[in-house]
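*Asks:* Sequence:
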Amino acid sequence: MEIQISGGIVSRVPGSDAPVTVPAILARTIANFLPLSTRRAGANIVHNIDDKYTGIRVDTKYGPIVLEMPTGNDPYRLVHQLPEPDETGRTEVEMRRFPQIYKPQGIALIFGEFLQSRGFLN
Numbered sequence: 089m090e091i092q093i094s095g096g097i098v099s100r101v102p103g104s105d106a107p108v109t110v111p112a113i114l115a116r117t118i119a120n121f122l123p124l125s126t127r128r129a130g131a132n133i134v135h136n137i138d139d140k141y142t143g144i145r146v147d148t149k150y151g152p153i154v155l156e157m158p159t160g161n162d163p164y165r166l167v168h169q170l171p172e173p174d175e176t177g178r179t180e181v182e183m184r185r186f187p188q189i190y191k192p193q194g195i196a197l198i199f200g201e202f203l204q205s206r207g208f209l210n
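So the number in the working numbering is just where the residue sits in the sequence shown, counting from 1, plus 88.
It is worth saying that the hints were derived from the structure and are not from the lab. Honestly, I wouldn't trust all of these hints.
To be verified - Beta-carbon label-pair distances, calculated as ranges:
1. 147 <-> 106: 18 to 24 Å
2. 173 <-> 140: 18 to 24 Å
3. 96 <-> 177: 32 to 38 Å
4. 102 <-> 138: 19 to 25 Å
Since the model is a prediction, treat every value here as computed from it, not as a measurement. The C-beta atom is built at its ideal place from N, Cα and C for all residues, glycine as well.
Whole structure, please, built from the sequences with the hints as guidance.
*Replies:* Okay, structure coming up:
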């Protein structure tokens, strides 16, 4: 399923209205190769217009984890979104970066194994 966040409003995006940008296509490709445990956790493709990213979001028992798609030559970012700002005011914690040298299958495997090995998935 794909969702869109615009103006703080979350809405579902039907397949015919889904964006056809390079990051969106890359997110769909990676999502097709996600391990079963990650898919069962409820992986969604997110088009966040407010924060200007497209990514794959997994709602875990410790909060949402987002794999943000790269733009330009930037790396992939794995971000833990915090439900409330912490004492320093942060709303997200960057946990890892992946260079763009990996194929979509490799990124999906790294993402799934990272979540599994760190205890984010049941």
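*Asks:* Next, verify each hint and record whether it holds.
*Replies:* How the hints compare with the structure:
Between residue 147 and residue 106 the beta carbons are some 20 Å apart, a value that agrees with the proposed interval 18 to 24 Å. Take residue 173 and residue 140: their Cβ atoms lie about 19 Å apart, and the range 18 to 24 Å holds. At about 19 Å, the beta-carbon gap between residue 96 and residue 177 misses the expected band of 32 to 38 Å. The hinted window of 19 to 25 Å between residue 102 and residue 138 holds, with their beta carbons roughly 20 Å apart.
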